[in-house]
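Residue numbers (this note's numbering), protein chains in the order written: chain A, 4 to 415; chain B, 4 to 415.
No lab work stands behind these hints: they were computed from the structure.
There could be a bad hint or two in this list.
Any copy will do: because identical chains look the same in the list, a pair fits if it lies in one copy or spans two.
Unchecked claim - Below, in silico cross-link-like pairs of lysine-lysine (DSS-like), each with a Cα-Cα straight-line distance of 25 Å or less:
hint, residue 1, residue 2
1, Lys-304, Lys-259
2, Lys-117, Lys-66
3, Lys-223, Lys-395
4, Lys-304, Lys-182
Number of protein chains: 2
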Amino acid sequence: MPVFESAAFEQTLDSEVIDEVYAKVEQERKSALTGYYDLPYERDLLHTLKEYAHNSKSFKKVKTIAVIGIGGSTLGTKAVEGFLRHTQKQNRELVFFENSDPVDIWSKLEPLKKKNTLVIVVSKSGSTIETISIFKAVATHLELDFDKDSDRVIAVTDRRSVLEDFALEYGIRTFLIDKNVGGRFSVLSAVGIVPLYLAGYDVEALLDGAQRQMDLFFAKESHHLLQKAHFYVQNAHRYHTNVVFAYSSQLEQFVKWYIQIWGESLGKIDAAGEGVGPTPVGLTGSVDQHSFLQLLVEGPKDKTVTFIAVEDFGQPLQVPQLRLQHLEKTDYINGESFQTLINAQCEATKRSLDELRLPTDKITLDRIDAEQMGALMTYYELLTSIMGILMKINTYNQPGVETGKKILRQMF
Amino acid sequence: MPVFESAAFEQTLDSEVIDEVYAKVEQERKSALTGYYDLPYERDLLHTLKEYAHNSKSFKKVKTIAVIGIGGSTLGTKAVEGFLRHTQKQNRELVFFENSDPVDIWSKLEPLKKKNTLVIVVSKSGSTIETISIFKAVATHLELDFDKDSDRVIAVTDRRSVLEDFALEYGIRTFLIDKNVGGRFSVLSAVGIVPLYLAGYDVEALLDGAQRQMDLFFAKESHHLLQKAHFYVQNAHRYHTNVVFAYSSQLEQFVKWYIQIWGESLGKIDAAGEGVGPTPVGLTGSVDQHSFLQLLVEGPKDKTVTFIAVEDFGQPLQVPQLRLQHLEKTDYINGESFQTLINAQCEATKRSLDELRLPTDKITLDRIDAEQMGALMTYYELLTSIMGILMKINTYNQPGVETGKKILRQMF
């Protein structure tokens with residue numbers, strides 16, 4: 004399981020605060036205000052998928068899975084895929100259609116061939132403008148006849164949505180999401196599990212990691228989560244930006260998922276009518292040491308920084324014992340592994356910020372595997388929920404994005 | 004040329020302020036405090052590159068150009084490549100080695116073949132730990148014998164750096180950067196021009212666009228730049244975060260370049276000893292409407308937002324005239340091009356933020372070509388310089404990143 008070092012947030016929390024947060028979380032879970040708490044325990048989907056993969060004739064020929072979805076419908080899947088994609092040869096390639104950018108769509112659409120493509124359309128409501136429009140473009144390009152080609156499409160959508168109605172009409176295989184599982188909390192529902200399983204990723208381990216983290220929390224053994232959230236909320240005016248600095252290129256998609264869950268859940272109008280919500284920033288180490296770090300060090304001390312490191316990359320590549328004339332200054336690293344280098348860079352950067360008394364903490368993943376990612380995502384989901392409870396906001400809605408949608412409709 | 008709409012910043016600036024800023028910029032240029040102002044006018048490099056490409060025997064067989072560099076040594080090149088990569092079939096593929104992540108390095112290193120790979124190592128100092136270490140790994144993997152294989156390597160580095168000394172030792176072709184051109188302002192120097200030209204991009208148009216923007220500014224015809232910077236600096240405490248919301252997947256790398264130039268240039272300790280500097284945030288539309296937008300709309304009103312749109316994507320892909328049962332709700336867009344959709348989404352989102360009186364502005368690029376990118380990057384370089392002048396800081400150094408480097412060295 005990931006190791007959490009968060010000395011900066013260590014504080015004796017009133018047992019009243021602790022009890023109140025747990026009471027509210029348990030209330031959220033029981034009242035089904037949000038359904039994500041139970042997802043790691045639901046394993047029926049795996050059996051259904053195993054059967055599907057075994058019985059579907061067309062699936063055996065599938066080489067590419069075109070996943071059409073946007074925001075919470077794809078960010079979690081991409082985070083898991085981005086983390087694991089170099090750990091094994093995947094059975095099938097995932098291609099994500101997310102943006103209404105025509106150049107992006109065409110660059111991915113052009114190489115698709117009907118005979119070896121499975122289309123997974125993911126939309127909770129079934130009326131997401133990008134998703135349905137791209138679905139039409141993909142269906143047209145592949146010349147899908149829904150009456151005959153229903154087995155080349157899978158729908159992932161809310162129970163009783165118009166997309167479910169469409170799928171029923173044509174006998175398209177559908178996997179349902181409970182309405183109380185919001186997009187940004189849905190990676191462990193059919194939204195993430197269906198494409199990840201079919202691409203060949205170990206979703207059982209993903210759910211196992213999530214379950215362990217969830218169990219730890221509900222066994223009241225994750226007080227650092229409460230301490231961290233409490234610190235952030237207490238100091239929200241001083242530290243209005245929360246940076247996640249992840250030291251691996253494999254975590255680039257994860258930080259995008261973090262930005263969504265943090266920004267969309269916590270950016271709200273609170274009970275007093277005030278706009279609240281910390282700004283999430285996602286960085287990749289070591290690259291962003293050469294970009295954003297200067298601002299962290301010398302700029303306003305208004306940011307917290309969470310470092311994420313990977314203890315074992317499973318890749319022994321070393322800096323060769325090569326002495327190049329005039330370039331001796333960096334020879335001190337010769338013979339060390341790149342893993343040693345990047346982890347030392349992470350630690351050195353953390354120490355340089357600790358010296359400046361910026362609030363930092365560190366999460367160390369044991370290795371690059373699905374279990375670690377399941378635990379990490381669950382940690383951030385729980386942290387987000389606790390933040391929302393302490394901020395006294397509705398963590399699970401997103402009313403702010405409606406105005407733009409209305410204006411768009413009026414424009415046509 | 005890009006169109007700049009910035010009504011939110013329109014203000015009658017004292018002619019004194021205007022004169023002072025221009026005087027300081029011209030002083031920076033003349034005193035050679037920074038050398039980037041002159042880069043668009045320097046075209047000798049193009050002739051040298053043309054000769055190199057014509058005369059080098061091994062270059063004709065090159066299919067892959069491995070660019071090794073980090074931060075300012077690659078971000079600008081990636082921004083241009085990311086914008087243009089789908090506009091034409093490139094002659095040669097660029098592969099960027101930036102991160103010390105061993106999985107990332109190995110995934111790019113493994114497919115490289117000596118016979119068709121050109122290695123470009125980019126480091127101003129020649130002692131960047133990631134760059135030199137990865138260079139050693141690449142050289143070892145390709146079994147480069149520098150005595151015999153010097154024509155398979157190009158060095159881009161500061162005049163009289165240790166990397167120039169190394170290259171001279173082995174007869175490796177070297178392109179020099181002036182010391183007063185900082186990494187994040189170096190895209191139009193050999194840093195960006197060499198790999199982009201050799202990959203087949205139209206760097207002449209890139210420089211032309213930059214030159215036109217530079218000419219406009221020095222002809223004092225870009226007052227909106229001054230107005231915008233002045234607004235940002237005057238309101239720095241209220242609006243401490245500057246969001247760039249670019250409506251095209253092709254601009255994803257550009258926003259990363261923006262984050263570096265903004266964060267590293269402006270995140271400084273000012274004359275009063277205070278840490279200052281706005282926080283840059285980069286978003287991609289329409290995707291991030293489903294992520295960060297909720298925070299912009301309902302969260303604290305502490306952010307400015309610059310929208311970037313592309314008028315003509317050069318890709319006519321349409322939303323098909325396809326009526327799908329139960330999915331009629333989004334049919335209002337049928338028959339329109341995706342370009343129309345994404346540009347309407349950009350405008351609708353801007354209007355929804357304007358209604359909330361967030362300070363927004365908009366930059367519209369005519370099309371996806373090198374000239375537009377040259378102008379856009381120059382616009383942001385100039386904006387950064389003006390911000391620095393108004394903030395009374397040193398825009399061109401980055402002392403804050405040294406502590407971490409020292410700690411790293413001590414760790415070995």
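Status of the hints after comparison with the structure:
With identical chains, the CA atoms of Lys-304 and Lys-259 are at most 25 Å apart both within one copy (23 Å) and between copies (22 Å). Taking CA atoms no more than 25 Å apart as the test, Lys-117 paired with Lys-66 passes inside one copy only; the shortest distance there is 10 Å, against 30 Å between copies. Taking CA atoms no more than 25 Å apart as the test, Lys-223 paired with Lys-395 passes inside one copy only; the shortest distance there is 21 Å, against 51 Å between copies. In this assembly of identical chains, Lys-304 and Lys-182 lie within 25 Å of each other by CA distance neither inside one copy nor across copies; the values are 40 Å within and 31 Å between.
Checked against the numbered hints given earlier, the structure breaks only hint 4 and satisfies all the rest.
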